[in-house]
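Novice: Protein chains in written order, with my numbering: chain W, 14 to 372; chain Y, 15 to 554.
These are computed hints drawn from the structure, not numbers from a lab. The reader is advised that the hints may include incorrect statements.
[Said to hold, decoys possible] Capping the alpha-carbon separation at 25 angstroms, the derived lysine-lysine pairs in PhoX-like fashion look like this: (1) Y:K534 to W:K352; (2) Y:K194 to W:K170; (3) W:K348 to Y:K273; (4) Y:K224 to W:K170; (5) Y:K534 to W:K170; (6) W:K107 to Y:K194; (7) Y:K93 to Y:K224; (8) Y:K273 to Y:K194; (9) Y:K151 to Y:K508.
[Claimed, not checked] To be clear about the criterion: a stretch of chain Y counts as covered by chain W if any three or more of its residues have a C-beta under 8 angstroms from a C-beta of chain W, and this derived list gives those stretches: (10) 185–193; (11) 316–328; (12) 485–493; (13) 523–536.
Quick reminder that beta carbons are idealized off the backbone N, C-alpha and C, glycines included.
Here is how the chains run, residue by residue.
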Amino acid sequence: MFDFKVVTSWIDDLLRVQAGIPEFWTLAIEFVLVGVAILAAYAVLALVLIYVERKVCAFFQCRIGPNRVGKWGWLQTVADMIKILLKEIIHINKSDKFLFLVAPFFVIMGSILAFAAIPFGKGLHAIDFNIGIFYLLAVSSLGIIGILLAGWSSNNKYTLIGAMRSGAQLVSYELSAALALLTVVALSGSMQLSVIVEKQATVWNVFHGFAAIPACIAFVIYLIAGHAETNRGPFDLPEAESELTAGYHTEYSGITFGFYYLAEYMNMFIVAAIATTVFLGGWMPLHIPGWEAFNHVMDYIPSVVWFFGKAAMCVFFALWVRWTFPRLRIDQLLKFEWKILMPISLVNLLLMAFCIILF
Amino acid sequence: MDNIKEKILSLASDATFDEGSLLTVTVPSAQLRAVAEYLRKEEQFDYLQDLIGMDWGESLGVIYRLFSTAKNQQAILLKTSTSDRENPELFTVSDLWESANLYEREVYDFFGIKFINHPGMRRLFLRGNWEGFPLRKDYDMSSNPLTMENQSIEEMETVTTLNMSNEGLVNSSFQLFGEKEYIVNMGPQHPATHGVLHLRVSLEGETVNKIDPHFGYIHRGIEKMCEAYTYPQMLHLADRLDYLSGTMNRHAICLCVEKALQLEVPERAQYVRTILDELTRIASHLLGWGCMCMDMGSITAFVYGMRDREKIMDIFEESGGGRLMCNYSVIGGLSKDIHPNFLKRVREFIPYMRKMLKEYHILFTENPIARGRMRDIGFLTKEQAIAYGVTGPSGRASGWMNDVRKLEPYAAYDKIKFEPMMRTEGGTFERYIVRLDEVEESLRMLEQLVDGIPEGDFCAKTKAIIKLPEGEYFQRVENARGDFGVYISSKGDKNPYRVKFRSPCMTLVSALSPITCGEKIADLVMIGASLDYVIPCIDR
């Protein structure tokens, strides 16, 4: 299997040894390169996701979807991006201008920071903290601040209701998401993402002997809670268009709205990516113990394909859910979290502990 | 009926009676209250179908059209008038029939009659600083030039009341919403109001405290326009009332004029009109279903509803020429014979729609989230439904059998077998399911109609200029939202003296407030969608 370390160490070698650039400047150049690569990947992925969502949603609804700009409309999202960049940013009278403009950055930063820590393939991992899971949970919570600020600073009643709803919703569902991830941390014995992936080299966590039962439960819980954290239907109450027009981002326009838009799609991808990494073996190919020939064939498929293939499956699942179910009401939403998901997560964690001790 | 007459005479000795097809009682304005109270409380005339403001020239007055749901739809017409044109005042009946609340505001708006003891007298459709009362015969059409100034919402919410007390009549006014209330404007432009309805909603957190609807954003003065139109011209305005049941509204006016002319409509035309009515009902319910699903966040369901509605629009287009406003019925029958493909298309549509209904149930009705959203909210009791005049599928979901097709059969409805779809609980889910049941029942009716359609003429001969004999004519039909009524008062001219349409949607909106207060704001949207009102029907 191709290791991306070959590429990265070649660049490192090129700068350090061949060009003879001092240590500090080498690092600086590498940081910039990584940053540019991540931002570019972020933007391109978001555009692809928006296109995919529009196409998939169209097929669910017996429509064709975008089909005018480019073949099969694949340039449609690019055109939309150009449009959104050119649009005027409308300033609202009597709003808190500073907080109003700062809010989208919180949202997009939280999402980029989480995106940067995901292992996309063998050796394709920008930063590998030893507390990777903890870091992911921490930075993905930044978005809530942005949403609350947006709702508050817009000086609009719809946005305020939307922001209050999302505050309650995101804080609640983060608990279940964290508990679900903790289940796997217990199984892997590490919070480091690379270690979690390595441990799944022989078998993915969701197929891991007896521990597969709590792992599968945790996987489903994580998908639900993660889906809720991305504010997408059936959990799209913060921007429930039927009562709140557009919820917390009603007053945003141009690129400030674009940030929310991008972040929403990327958060969907990040949730899928974390689910992939933690439960579905990350970039590891599918191995079945004992089937040597099969395992060998699987190894020929590049790690990036494995990772994006699994993540795409999770994303498709999220789209499927969104375009099928109606929206929950705020009290039902909170009841579902605190009375159903939370207790199950806690019991599940206990179950996992037993599985680890006994088997 | 005779003892009612006697009793009324004992209450109001000046009362006069006119027995035509309907008992008409004219009482002086001073005794109106006593007679109304007697009819409501002792004779159980519990359904005020319509309240019609009138300008008879020398006097202004009101016509009350009452039905008794308990006594087999016995009907009575109550008239009263006042000759004071400067300061006309009548007693309110809004405490006897809840639906009178908005009706009386409408009469005040258009005729300037003030109702004593009404809980909140203010204009309903026009802005507060409108000069004069437009439906009066002496109204000066140039008295309200176009103005671009906005009236503040606080000014429009200043409610004046005229109360009878020991010292005589007392004028007082108050503000509808308090200073500290958290008020959200839903509408006039809002994704969820299904038209330009403006709801002022007072919230406590997410909970709805108080709702005040503002109408009139698309009021076109259709009733006033009708007074200047001839009868065939009037028909085109009917499609523009409740545009989702345009053919039924048109049918109502045709029936009313035909009844006045005593015109025999060919049976073929009657069958085709009935088929059109039922197709329109299906189309309307599909849109209503889709919108309700969309209001709950399920956009896919909305697209499915629109997709299947298109099939009906195609059928209309082929025969009538129009899709939404198909302009097909005319006085005496139909404007042209049906297209050769018509029956084939309807026959094909029936099994298709049955299959799709199953899909709707799988996709949405049985969805646990949808069930959870619709269960246990927005209950309308049968008594409330009658008092607020909530007719149609919404009323039937509360257990009130108000299907005009059964009660007063018209066109071909007495020649086919069908059951009115009923539920008893009156919750949001019942209103939802009654509509889908009705689609199924309409398909059953269509099957019988398509098989039974006779050959023959499609239109009766009418005179070139249609003049209605002097008198008053009523007709009601069951449109997709309920009891749609037409009242035409004629002086023998080629255009009517006064036309009034009974809008089923206005009563639906009036019932929104009592069943939604205390629920969440997300449910307000959904309960509104379950009542399925169409705003142009209110803003006539």
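Novice: Confirm or reject each hint.
Specialist: Structure-based check of all given hints:
{"no.": "1", "hint": "Y:K534 to W:K352", "result": "holds, 20 angstroms"}
{"no.": "2", "hint": "Y:K194 to W:K170", "result": "holds, 14 angstroms"}
{"no.": "3", "hint": "W:K348 to Y:K273", "result": "violated, 59 angstroms"}
{"no.": "4", "hint": "Y:K224 to W:K170", "result": "holds, 16 angstroms"}
{"no.": "5", "hint": "Y:K534 to W:K170", "result": "holds, 15 angstroms"}
{"no.": "6", "hint": "W:K107 to Y:K194", "result": "holds, 19 angstroms"}
{"no.": "7", "hint": "Y:K93 to Y:K224", "result": "violated, 34 angstroms"}
{"no.": "8", "hint": "Y:K273 to Y:K194", "result": "violated, 55 angstroms"}
{"no.": "9", "hint": "Y:K151 to Y:K508", "result": "holds, 17 angstroms"}
{"no.": "10", "hint": "185–193", "result": "violated (count 0)"}
{"no.": "11", "hint": "316–328", "result": "holds (count 3)"}
{"no.": "12", "hint": "485–493", "result": "violated (count 0)"}
{"no.": "13", "hint": "523–536", "result": "holds (count 3)"}
This entry does not satisfy hints 3, 7, 8, 10 and 12, going by the numbered hints stated previously.
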